[in-house]
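Asker: Next come the chains, spelled out residue by residue.
Number of protein chains: 2
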Amino acid sequence: MATIATKTGQVVERFVLESLLRRRLFYFPSFEVYGGVSGLYDYGPPGCALQANIVDLWRKHFVLEEDMLEVDTTMLTPHEVLKTSGHVDKFADWMCKDPKTGEIFRADHLVEEVLEARLKGDKEARGQKVEVDQEKEAKKKKVKDTKAVKLDDAVVTEYEELLAKIDNYDGDELGQLIVKYDIRNPKTDGNLLPPVPFNLMFQTTIGPSSNTPGYLRPETAQGQFLAFQKLLEFNQQQMPFASAAIGKSFRNEISPRAGLLRVREFLMAEIEHFVDPEGGKKHHRFEEVKNMELSLLDRSIQLSGSTRTEKMTIGKAVSTGLVDNETLGYFLARIQRFLLKLGIDQSKLRFRQHMANEMAHYATDCWDAELQTSYGWIECVGCADRSCGDLTVHRNRTGAPLCVRESRAEPLQIEEWQINLDKKKFGPRFKKDGKTVEAAIDALSQDLREKLALDLEKDGRIEINIEGVSTGKVELEKGLIKIEKRTRVEHTREYTPHVIEPSFGIGRILYSLIEHVYWSRPDDEARGILSFPPAVAPTKVLLVPLSNHESFGPLVQRVMMKLRRAGISNRVDDSSASIGKRYSRNDELGTPFGITVDFQSVKDNTFTLRDRDTTKQVRASEDEILKAIKLLVDGEETWEDVRKRLPEFTGQEVD
Amino acid sequence: MATIATKTGQVVERFVLESLLRRRLFYFPSFEVYGGVSGLYDYGPPGCALQANIVDLWRKHFVLEEDMLEVDTTMLTPHEVLKTSGHVDKFADWMCKDPKTGEIFRADHLVEEVLEARLKGDKEARGQKVEVDQEKEAKKKKVKDTKAVKLDDAVVTEYEELLAKIDNYDGDELGQLIVKYDIRNPKTDGNLLPPVPFNLMFQTTIGPSSNTPGYLRPETAQGQFLAFQKLLEFNQQQMPFASAAIGKSFRNEISPRAGLLRVREFLMAEIEHFVDPEGGKKHHRFEEVKNMELSLLDRSIQLSGSTRTEKMTIGKAVSTGLVDNETLGYFLARIQRFLLKLGIDQSKLRFRQHMANEMAHYATDCWDAELQTSYGWIECVGCADRSCGDLTVHRNRTGAPLCVRESRAEPLQIEEWQINLDKKKFGPRFKKDGKTVEAAIDALSQDLREKLALDLEKDGRIEINIEGVSTGKVELEKGLIKIEKRTRVEHTREYTPHVIEPSFGIGRILYSLIEHVYWSRPDDEARGILSFPPAVAPTKVLLVPLSNHESFGPLVQRVMMKLRRAGISNRVDDSSASIGKRYSRNDELGTPFGITVDFQSVKDNTFTLRDRDTTKQVRASEDEILKAIKLLVDGEETWEDVRKRLPEFTGQEVD
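Line by line, the protein sequences are chains G and Z.
According to this note's numbering, the stretch in the first sequence is residues 41 to 695, in order.
According to this note's numbering, the stretch in the second sequence is residues 41 to 695, in order.
Chain G extracted, bound-state conformation (with noise of 0.2 angstroms):
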């Protein structure tokens, strides 16, 4: 199930693939120097240019093309913020410690490879064949060795069912099956502490004094939502509207693995679409998108325990509800095309819908973007309709108006029942109780209000039960208190608004990006190629010089000026290996295109041009051939286009 396969069919040896991102300094253990730390990493200067490709391609695509406000707030953040988003409670999993050792262990994942290994050891036990799911091996760290043990039917149906559920249980549970299947520390067999809570957070000082404690966030979206009232201002009151952000975001894992994809640091892009509950979240600009396939996993497909994707336009999908509504609907189109603008293999994108446990319990809807790796189906963009749950408890907190006011387009006439008190007679009859009695009476209900009025009328007085008030019971009259229905005209309409985010992992994004456009050539399985669209790609031009003949120097010169000047990224490889060598190891770097200077360009100033993909060459003049480029990497033509304009050139490629 975890095998996967490049374009062209060849299974994706993952340490093949990592060998060559190391080698290629795309990403690094952080303080390797030092041993490294797990869960941080470092992007080397072909990962760094590809990261930040991405980060220009999603700000054009999302900022610039929908008019978002981008935002840019801080990472430290204080307690009090973070206790109000829940995040201090249960932002956290669960740890068994090993008291004698002092090791540290992730309950459920610990709880999880013990029972497989014993399943796996039964398995063996009965001589039945034991397929390795390269995927859950991947991850495994702690045990190492597994025994051929053979256990009772019942024993292996209930481990089975167990596993189905792993997610689903908590610390207390955790604990409870630690101790039922006797599950110890794999290497030492030592017995474990009861699993406690690990909060995920970084946790800091900020300033001098001990008494500001303050966290690394692990999302950018706090941010947004406490800047939501100025945003609302700045963009003229209208709604809707989005903020994004783009930013490094942390969680302190208690023993990450699997390379990118589960790191300490990293960087998010997130966006909040603020909009009106009122009128089913419709979205100006859904029909553009409507008619756009989806591969959709969805809630009850899983709970029938199956993972078959469903193919649908996202306009049929929101109109039967299976996605809640248009806004959020609109979104998932937007990230599709987003990713396939990357290079992401559509074969390999589905969006799963997150379980009715797997939400916030505020939230309304919620889908995965996942991308198919070698470790599996992994989540990369979550899209959550949030409702107003986040913005209601900071304003609850805080008091902030953290909502909208706008005037109705028509008043709104409201019938209620009305209080008035005799302000002359009531403060000195209540003296310092006044606040409190006034308070517990504006606090009436209505239907309350509309039984006193009928009391009122019938007995001349009516009493009300005020704690802390005399015996308790509070009696008015008559004169004192009068109850009366009336009409009331609101002008304007006040509402906290819901909130869709579209929440991108750009590490994981460029992770399985990689591994979807790796591949290698039939005759050259040893040899890498990273196929990203021009747009994407590190560098977009080598610049490859035949020899190191002195006449090369200057044309090679002013060919890189130029393309500097247009702002395309170049770089020179005038080594002394061949030029089929110099292009194979940039392919490996997934360079798109490669100019070669010879002695022919010395004559006629012509130069060769490369596309990598196909390794077929062109030869024109200078001109043209920076034109080509420029449009090639504008994603206004594509190599077809080019080879259909300009004459082949098939000379020069040997090794």
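Worth flagging that the hints you see were computed from the coordinates, not collected in a lab.
A few of these clues could be false.
Once the Cα atoms are required to be at most 20 angstroms apart in a straight line, the calculated EDC-like pairs of lysine to aspartate or glutamate come out as [stated by the list, open to error]:
#  : chain 1 : residue 1 : chain 2 : residue 2
1  : Z       : K670      : G       : E676
2  : G       : K525      : G       : E478
3  : Z       : K270      : G       : E628
4  : Z       : K270      : G       : E72
5  : Z       : K100      : G       : D674
6  : G       : K100      : Z       : D96
7  : Z       : K602      : G       : E105
8  : Z       : K270      : G       : D613
9  : Z       : K513      : Z       : D482
10 : Z       : K602      : G       : E478
11 : G       : K602      : Z       : E105
12 : G       : K670      : Z       : D674
13 : Z       : K602      : G       : D674
Mind docking chain Z on chain G? Use the hints.
Answerer: Positioned in the frame of chain G, the structure of chain Z alone reads:
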């Protein structure tokens, strides 16, 4: 002195400018709805776009133009790395605590403020005019009131001398000053505890166990040093080369103030240019910049108590030895060119040389690019020759080969005293001490070897001191040891490169730039204008339909889409405010160009194009207008060029 004027000679009123920046959401205090956290700021849409444009220009000016190797390294940094770099021990300020109130003061600032207040009080008591130093007043927070108390003349002199040297005192000395001059909590008059060092790094714990302490990096530099070996290999072992990094760094200020100029989380862009220390650190492109004139404030002038700058070409500054070497000089010139491109006012830019005690002990020379603002001269870019200090400490600590090994063009002949041991006799003689004895012999200096060779020749035996082996003296006789002068040929050379480090504080540059481009029209002083160059401006074009007449909508949409496709950011203002008002609102945002859509546009598809700085307009066809904007934004034409080419328009802009 801290009065600063706009380009039209008006005084920059900081509170007016700050109110504009807050109102138009350039930046604002983070977490304001929670009461804010000092030293943390968020960027709103215009600030965020401005920052992105500065970073983009930086990347083009440095990384692309100089083929630098950009990396993205993590902010989380383990303890050991920053222990080695010296930050754990030395990256600290001194703070005093008031044991009664718990208040914390930065010791040097407190001494400074209290003594300055006393000097001011003395002047008042003497009836002298008190000059208010706006710059210092702005920074002061602790001392609210001064008392008119006359001081002895000797005391005045003493205070003045002390204040001139305030940056040079360490914690003990500050503690002595606090006792000697009876400096207390200005608010409560309470006594303070002696100063203790406060490390300015944010501390945290990486992973679930408390034995991996870490910090948020105080600079991006360390990550680049640690990657040196990998980058050298990526660069095919070619020297010199530069790495570059753009990212957030952190500094846990004791009590931050002065807005964006002293914050706890900030964006940096740093270059580490690695160069061979032999041959005078020449730079192959120095010729291109040598005639550029810089305003220099050198060390000797500062020592004489003056701040008079001298204009000098960088060629002369290097040839006279004022700037240590060509590479350092080259970067100073490139920094100046970058700042001017951004729109920095050259008359408010100077390069100040560090005093010997300001630099790290291993640094050779250091110059700061300082920008003049209403807060005074602010260090915005540092440019230091750090010699081989950083690579050496990490190499010594880890043993990693953070150095260059290259073949020598001419093999080096080295005459030296070599020692040979007869291993057959040596092993049995020293048994378990063998290795210790051998190591001690290996470590003998050339001088000592020469002397021992003579002794051995003369006496047939020698005696060597070796701690821990037998009596501490070891006797060796001819036959067991041989010491001879021989010639060794060295084919490779190994050296630790020196590092030139230009280091940019993006937030400080951004704020200073805003002050430099801020002005207002003589006829409308209340309304500010931010004259960013087009490449840097947050939004390039404002689209203004004359009214909300339905015929304008499609035209606005079409022009908007065309601009977007050309990558030119734009916003539509279709509010009901007058054209003039809408334009002046956008002058505040620094939008350089405006397109008006009017009834004439509907008829003949012509539009007016307005220039922010002159408020002049031209009118031409859609294609002509779009082409002009593209040329203006790319910096290929100025407004003067466009105005000469296209017919002027004089209607419409009426308030």
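Asker: Which of the numbered hints above does this structure break?
Answerer: Result: hint 10 breaks, nothing else.
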